[in-house]
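Given only the sequences and the hints, what does the whole structure look like? Please build it.
The residues making up each chain are set out below.
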Amino acid sequence: MTKKTWMAGLAIATAAWGSLASAQTALTMWYHGAGNEVEAKIINQIISDFNASQKDWAVTLQSFPQAAYNDSVTAGALAGNLPDILDVDGPNMPNWAWAGYMQPLQIDESKIANFLPGPQGHWGGKLYSIGLWDAAVALVTRQSYLDELKLRTPTLDKPWTAAEFQGALDAAKASGKFKFALDLGMAWTGEWYPYAFSPFLQSFGGDIVDRTTYKTAEGALNGPDAIAFGNWWQGLFKGGYAQATQDPADRDNGFAAGQYAFSWNGNWAALNALKAFPDTLFLPAPDFGHGSKIGAASWQFGVSAKSTHPDGASKFIEFALQDKYLADFSNGIGLIPPTTTAAAMTENYKPGGPMAVFYDLTKAQALVRPVTPGYIVDAKVFEKAVADIANGADVTATLDAAVDEINADITKNNGYGQ
Amino acid sequence: MATISADSRGLRLAVRYTVLGIIAIIFVFPLVFMLVSSLKPDAQLLADTASLRAFLPVGDISFDNYTAAFKRAPVGLFIMNSVIVTGITVVLSLLVCSMAAFAFVFVNWKGRELVLTIILATLIVPFETIAIPLLLISSKLPWIGLDGLKWGWLNSYHVQIVPFMADGLTIYLFVQYFKDLPGELIEAARVEGATWGQIYRRIVMPLAGPVLATAAILKFLAMYNQYLWPLMVVQEEGYRPVMVGLQYFFQLNRAWGEIMAYLSLITIPVLAFYLYLQKAFIASIASTGVKG
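Chains as they are written, first to last, in our numbering: chain F, 1 to 418; chain L, 1001 to 1292.
Just so you know, the hints here were simulated from the structure itself, not pulled from any lab data.
There could be a bad hint or two in this list.
Computed footprint of chain L on chain F, listed as stretches where at least three residues anywhere in the stretch have a Cβ under 8 angstroms from a Cβ of chain L [to be verified]:
| no. | stretch |
| --- | --- |
| 1 | 62-75 |
| 2 | 390-402 |
Here are the simulated SDA-like cross-link-like pairs (lysine to any residue), alpha carbons at most 25 angstroms apart as the crow flies [to be verified]:
| no. | chain 1 | residue 1 | chain 2 | residue 2 |
| --- | --- | --- | --- | --- |
| 3 | F | K306 | L | G1152 |
| 4 | L | K1179 | L | R1190 |
| 5 | F | K41 | F | S53 |
| 6 | F | K111 | F | M345 |
| 7 | F | K306 | L | E1236 |
| 8 | L | K1071 | L | D1060 |
| 9 | F | K238 | F | E383 |
| 10 | F | K41 | F | L61 |
| 11 | L | K1150 | F | H309 |
| 12 | F | K173 | F | P278 |
| 13 | F | K384 | F | N414 |
| 14 | F | K275 | L | Q1044 |
| 15 | F | K55 | F | E318 |
| 16 | L | K1071 | F | K306 |
| 17 | F | K238 | F | K215 |
| 18 | L | K1140 | F | Q62 |
| 19 | L | K1071 | F | S63 |
| 20 | F | K55 | F | Y325 |
| 21 | F | K55 | F | T25 |
| 22 | L | K1140 | F | A26 |
| 23 | F | K41 | L | E1236 |
| 24 | F | K179 | F | A273 |
| 25 | L | K1071 | F | T60 |
| 26 | F | K315 | F | Q54 |
| 27 | F | K41 | L | A1255 |
| 28 | F | K215 | F | E383 |
| 29 | L | K1150 | F | S63 |
| 30 | F | K158 | F | P278 |
| 31 | L | K1071 | F | N414 |
| 32 | F | K275 | L | K1140 |
| 33 | F | K55 | F | M345 |
| 34 | F | K41 | L | A1068 |
| 35 | F | K275 | L | D1042 |
| 36 | F | K384 | L | F1250 |
Glycine included, C-beta positions come from ideal geometry on N, C-alpha and C.
Now the structure itself:
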């Protein structure tokens, strides 16, 4: 074979390979994890595996920093420039679906039957998003603190009652050993407030909105149970158990520095706590009368309404739901895998693992935030109300005003179509 | 009497330098804190904030935060993008706004007072109120580039530059400055047969050094600190500027040392630009009465 023939053959082969490669339809994807090297590595690996696994679709990724992500998506939607696949913070999904940013997933739901409820993004009876992990909050403390303060170790079956929790705070305060008995994370403004604090309200028997209709907050956010929550909440700060305004540095390092006896914190901070104190415990939320509650739902994947290839986009999301990727994310960034089989593959959440308790907490206590397009407004109103109450505002008047604001928003948006 | 006068002058000088010294320290401390903190590990940085050690390069000092910052985000790319966008916008803005001001001050045409009033009125309109209409327009505009005609300006340098090429404040600065130039110069040039272009190029602009410096610095700062607009119109990392890039460092567990390192790095172009134009800037403030 002459050199010319070889060259011609090579050219034809290259062209054939090129046309084969270009036969893959391009799918664009936006993700909120820019700046997180570990997340970027895992998501790129999933994309690379998916692109190599079939010949129909090729996903390309555009990462955004988390703090700028929601605004970028809103601007993209306004400009008609959304990608095929996007990720969405669980409680925001109903709003994005209602606003026409997202369309339902084309995924066989039997494939996610074994998922924890938090990562499943249903709205209007349809599955719009699915998460590769969940997040949970626990009452972080040390076994040595409980021993010193002579406190019972609460369990999932028998969490602390409101009285027991108050007793624990009193004991921690009376010991004089801590700057504050309780670190609530007041420095983390924004979504942390409804995510972390509304479960207290729900455990009291109230809620941010009335979930039976999603048409009013009357009674839910200003009824007797909600007022009882507000009084208890305000008492934490008036009584000197917790600080209403907190330095972010104290939030990041206060528990490890021994400033707090108890810290209300998420599983993402658990490894650092364990590193600081090997006897760290992750306790279930106290039961204020209507069961122990913690928040649920984290970031999830969905398909944009603009996508002309929802089948391909859904295929990618389905591909990403493999246990090995769920385990990779959990091992990489410490989040809770959504299936027991994936949990068993992880370092931290396998049975007997140092953070396995979070999986059990999520399974037993998790309650998703109100599944309504109005949540993005409700969340801000709730955040302001609990911050005001923490700073001494009148409980009843503040909650009444919050109800009025939420109801006005629901009315303005014609009930959000619900 | 001479002795008393000298003493009093000396005292005044001492008071003046003391006050200026205190003001300088107040302004320099945040910069010192940023630079020093960028060299410390997070635990030490947070522990030191409660004492004067926060301003001293003591303890476990290294450039690890800088290495980590470059690993977390394409810092060089963000700085380059900001310098490109800011640099081009500053140059175009000086050109366009000075020409506009020249036309308002020296050329007689019908309606110029009304047009100038309308332009100055835009000073009271916050950018946030026009951001969405601007986004809708710029996402549909045509652009002829190296790869031919393209519809929509999103994800480009020009979408970050063109809307800011002219603004009311810069035009106002030039107008005020041009009004103080001796009218005889312009009249003499006209009598000699100079065209408006020649007068602009050869007479007015060579005298406009201080106002050029002021306008350049103000525009530079405004453009370099852009956040909302690039957030809205740039979805591709390749075109992101430094302020959007800053968000890469605000994860749940914040790496404060890396944040300080990143801030130190992105402050360098601003400081360099200001120091380069400092004298002219101060001269311009003194002559135009622009403050704050």
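Evaluated hints:
1. Coverage of a stretch by a chain is defined here by at least three residues with a beta carbon nearer than 8 angstroms to that chain's beta carbons; for the stretch 62-75 of chain F and chain L the count is 10, and the condition holds.
2. For the stretch 390-402 of chain F, the assignment as covered by chain L is violated, since 0 residues bring a beta-carbon within under 8 angstroms of that chain's beta-carbons and 3 are needed.
3. Only pairs whose Cα atoms come within 25 angstroms are accepted, and F:K306 paired with L:G1152 is accepted, the gap being roughly 16 angstroms.
4. About 17 angstroms separates the Cα atoms of L:K1179 and L:R1190, which keeps this hinted pair within 25 angstroms; it holds.
5. Between F:K41 and F:S53 the alpha-carbon distance is near 18 angstroms, which keeps this suggested pair within the 25 angstroms criterion.
6. Between the alpha carbons of F:K111 and F:M345 the distance comes to roughly 18 angstroms, so the proposed pair stays at or under 25 angstroms and holds.
7. Taking the CA atoms of F:K306 and L:E1236, the gap is about 18 angstroms. The hint holds against a cut of 25 angstroms.
8. A distance of roughly 21 angstroms separates the Cα atoms of L:K1071 and L:D1060; the hinted pair therefore holds under the 25 angstroms criterion.
9. For the proposed pair F:K238 and F:E383, the alpha carbon gap of about 19 angstroms is at most 25 angstroms, so the pair holds.
10. Taking the CA atoms of F:K41 and F:L61, the gap is about 12 angstroms. The hint holds against a cut of 25 angstroms.
11. Annotation: proposed proximity of L:K1150 to F:H309 holds, straight-line Cα distance about 23 angstroms (limit 25 angstroms).
12. Pair hint F:K173 plus F:P278 holds up; C-alpha atoms about 23 angstroms apart against a cutoff of 25 angstroms.
13. For the hint pairing F:K384 with F:N414, the CA-to-CA distance comes to about 24 angstroms; that is within 25 angstroms, so the pair holds.
14. This hinted pair checks out: F:K275 and L:Q1044 have alpha carbons roughly 17 angstroms apart, not beyond 25 angstroms.
15. Straight-line distance between C-alpha atoms of F:K55 and F:E318 comes to about 16 angstroms, which keeps the hinted pair within the 25 angstroms bound.
16. Distance restraint check for L:K1071 and F:K306: the Cα-Cα separation of roughly 34 angstroms exceeds the 25 angstroms cut-off, and the hinted pair is therefore not satisfied.
17. For the suggested pair F:K238 and F:K215, the alpha carbons sit about 34 angstroms apart, so the restraint of at most 25 angstroms is broken.
18. About 21 angstroms separates the Cα atoms of L:K1140 and F:Q62, which keeps this hinted pair within 25 angstroms; it holds.
19. Between L:K1071 and F:S63 the CA atoms are separated by roughly 15 angstroms; this keeps the pair inside 25 angstroms, and the hint holds.
20. Of the pairs offered as hints, the one joining F:K55 and F:Y325 holds, with about 21 angstroms between alpha carbons and a cut-off of 25 angstroms not exceeded.
21. For the given pair, F:K55 sits about 9 angstroms from F:T25 by alpha-carbon distance, which is consistent with the 25 angstroms threshold.
22. Using a Cα cut-off of 25 angstroms, the hinted pair L:K1140 and F:A26 holds, with the two alpha carbons roughly 22 angstroms apart.
23. With a C-alpha separation of about 18 angstroms, the suggested pair F:K41 and L:E1236 falls inside the 25 angstroms cut-off, and the hint holds.
24. Annotation: proposed proximity of F:K179 to F:A273 holds, straight-line Cα distance about 18 angstroms (limit 25 angstroms).
25. Restraint check: the Cα-Cα separation between L:K1071 and F:T60 comes to about 21 angstroms, which is no more than 25 angstroms; the hinted pair holds.
26. Restraint check for F:K315 and F:Q54: satisfied, since their Cα atoms lie roughly 10 angstroms apart, inside the 25 angstroms limit.
27. In summary, the hint linking F:K41 to L:A1255 is supported, as the alpha carbons are separated by about 19 angstroms, within the 25 angstroms threshold.
28. Only pairs whose Cα atoms come within 25 angstroms are accepted, and F:K215 paired with F:E383 is accepted, the gap being roughly 20 angstroms.
29. For the hint linking L:K1150 to F:S63, the alpha-carbon distance of about 24 angstroms falls within 25 angstroms, and the restraint holds.
30. Between F:K158 and F:P278, the direct Cα distance comes to roughly 24 angstroms. Compliance with the 25 angstroms bound is thereby established for this hinted pair.
31. A threshold of 25 angstroms between alpha carbons decides the hint, and for L:K1071 with F:N414 the separation of about 48 angstroms lies outside it, so the pair is violated.
32. A hinted pair counts as satisfied when its Cα atoms are at most 25 angstroms apart, and F:K275 with L:K1140 does not qualify at roughly 53 angstroms.
33. For a cut-off of 25 angstroms, the pair hint linking F:K55 to F:M345 is broken: about 29 angstroms separates their Cα positions.
34. Between F:K41 and L:A1068 the CA atoms are separated by roughly 16 angstroms; this keeps the pair inside 25 angstroms, and the hint holds.
35. At roughly 15 angstroms between alpha-carbon atoms, F:K275 and L:D1042 fall within 25 angstroms of each other, so this suggested pair holds.
36. Note on F:K384 and L:F1250: the hinted pairing holds, with a Cα-Cα distance of about 22 angstroms set against a maximum of 25 angstroms.
Violated hints for the displayed structure, listed by number in ascending order: 2, 16, 17, 31, 32 and 33.
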